[in-house]
Amino acid sequence: MAIEKFSKIQSTAVPLQIENVDTDQIIPARFLKATTREGFGDNLFRDWRYDKNGNPKPDFVLNDHLYKGKILVAGKNFGSGSSREHAAWAVHDYGFKVVVSSFFADIFKNNALNNGLLPVQISESFLQEMFQAIESDPKALFEVDLENQEIIISSSGSKENFEINPYKKECLLNGYDDIDYLLSMKDKIQAFEVSRV
Amino acid sequence: MAGKTLFDKIWDAHVVSQIDGGPSVLYIDKHLIHEVTSPQAFTGLEKRGLKVFRPQNTVATPDHNVPTVDQHLPIKDQLSAFQVNKLTENCEKYGVTLYGLNHPSQGIVHVIGPQLGITQPGMTMVCGDSHTSTHGAFGSVAFGIGTSEVEMVLATQCILQPKPKKMRISVEGELGRGVTAKDVVLYIISKVTASGGTGYFIEFAGSAIRSLSMEGRMTVCNMSIEMGARGGLIAPDETTFEYIKGREFAPNGADFDAAIEKWKQLYSDGDSEFDLEITYDAADIEPMITYGTNPGMGTKVSGAIPTNGEIQESNKKSFLKSLDYMHFNPGDKLIGKDIDFVFVGSCTNGRIEDLREVANFVKGKRKADNITAWIVPGSKAVEKQAHEEGITKILEEAGFKLRQPGCSACLAMNDDKIPEGKLAVSTSNRNFEGRQGPGARTMLASPLTAAAVAVAGKIVDPRDFI
Ligand code: SF4
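Just so you know, the protein sequences line up as chains A and B, in that order.
197 is the number that our numbering gives the last residue of the first sequence; the numbers go up by one with no jumps.
466 is the number that our numbering gives the last residue of the second sequence; the numbers go up by one with no jumps.
If you're looking for bench data, these hints aren't it; they were derived computationally from the structure.
Hints may contain errors.
Stated by the list, open to error - Capping the alpha-carbon separation at 30 Å, the derived lysine-lysine pairs in DSS-like fashion look like this: (1) A:Lys139 / B:Lys86; (2) A:Lys5 / B:Lys47; (3) A:Lys169 / B:Lys165.
Here the structure is a predicted model, which is why all the values come from computation and not from measurement.
Working from the sequences, and respecting the hints, build out all of it.
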């Protein structure tokens, strides 16, 4: 079950100018009853996105037709809280390929990478530059280039490099997943078990 | 060569291989699973045509999504029933031990692991739940993982993990009257912030930490994730060994003595190095409560919410958004605020010691009329012990409603929700928006503070009553 390959995208972005977006906001617990990985996008940011009668809240960014795209740009410390991978599934299922923030919670970052969703961690100043670019033009384009580990604001050419673990980068570029890798290590794992007794 | 930290000793002993510039292949000794984060992992396994590699190293229990009333009846909510049944089916199919609903060992994963003696010093442990850090109280490297990683452990008993950085937080001195483990950890998080531990594994040390019972240590390690840390751990000592002794899965007789000899090696060497070291003075810690929507937004019960001027410019927007959700104002005093709900339970504070503490306080008193008070034991065994010790009776006489074991209103996945707009003082670990139900407002505190609030009907300093 390989993951989707990722190399480069150019897209408009959706700005979520909120800090400490926790996993309970990304996907509230009451929507975790499903036993498959699909369909969580419908309830992404559920309680910010819909009122209690299920009507879209007009002031939430996902309900604003001005903003669309494959890139979610969020305030610092995105994905804190629970280890629920459903949060990464929901963001990906909704149609995002990249989440940009100035800081990510560890487990969310791992979960995203394991699902072909690229977390791009940038400086707070570049994050603000991106928010400004979207504010002055909701159609502003951004380019995310995994090979060169670069994120670029297309209109101004302003860019920043981002870090990614080289192993994870290879996985994303080639669509490999960790389980395949671990399965290829079975002999070593068994030898390790033997060595411990 | 510098010595090794406790964390290094355990981690290094479990590295099967190391990818250059990448993560380690880490061997996992014990794997706990529950109904919510495992079904997709089993589906993945099935799709690949794999078996569970070491079924004897995984233990399962349903907890997140189980009802806490009438557990002997079939689960009413169709989706919940399906999910819980799926866990049973998967465990049967793959040969994994399951403590199902109504089994005397069922309970919240992080309560039953230690209780059964499954959790032991020096182990690596994972679970598809962020509060797996709880088990670190025994001197094990325990952390939460996502469902893809659950699948990895099922398939290979290993996961790929980058080695985190190391932090040591020491709390030195004696804790004051009415100051509990929960206050210690809420204090630490309020200082470190909800993201300050990101990228780190934290060792808790110092005389105040060592003075805590195992239950107290579990409360502290449990909430290390609320600082963003990968996990937290405490070096094992006599308190640890005493707790483990005689438990169902603990080693016996000569094996136990041999184990203790090994466990005694688990400490940070004097010359070991940490990436970050912080020390706090126990005397500065008072009973704590949170006022905002992340666990870092806490202060002493006797204090006030920060004023606008006390908040950094860059944090102001989130601060105000948070207070807006809580219906509070900057500078508000906390004492005297009317409370609607008191929830005692969860993997943070749903252990027997917590129930005892509440019972001790409320004995011969009654909860205030405006308060709905729920007590949810962390496990069947806790429930049983509470009956045997007469705690249940005391609590019922005080007007508390006793429910059956499970995660309950900690995450409000089942019907146990704090109604919209209501204000709860809760012994759980997260005060996120809507965590305890859509629109619910949560203030985190210790069981002792929760008990005092239940009786007073409003926020009070528990020290005024003990
Ligand atoms: S009690 Fe709460 S925090 Fe603990 S495992 Fe259950 S849901 Fe998670």
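Hint-by-hint comparison with the structure:
1. A:Lys139 / B:Lys86: Distance ~45 Å between Lys139 (chain A) and Lys86 (chain B) Cα, so the pair is violated.
2. A:Lys5 / B:Lys47: holds (20 Å)
3. A:Lys169 / B:Lys165: Satisfied, since the Cα-Cα distance of roughly 21 Å is no more than 30 Å.
Of the numbered hints listed earlier, the single one contradicted by the structure is hint 1.
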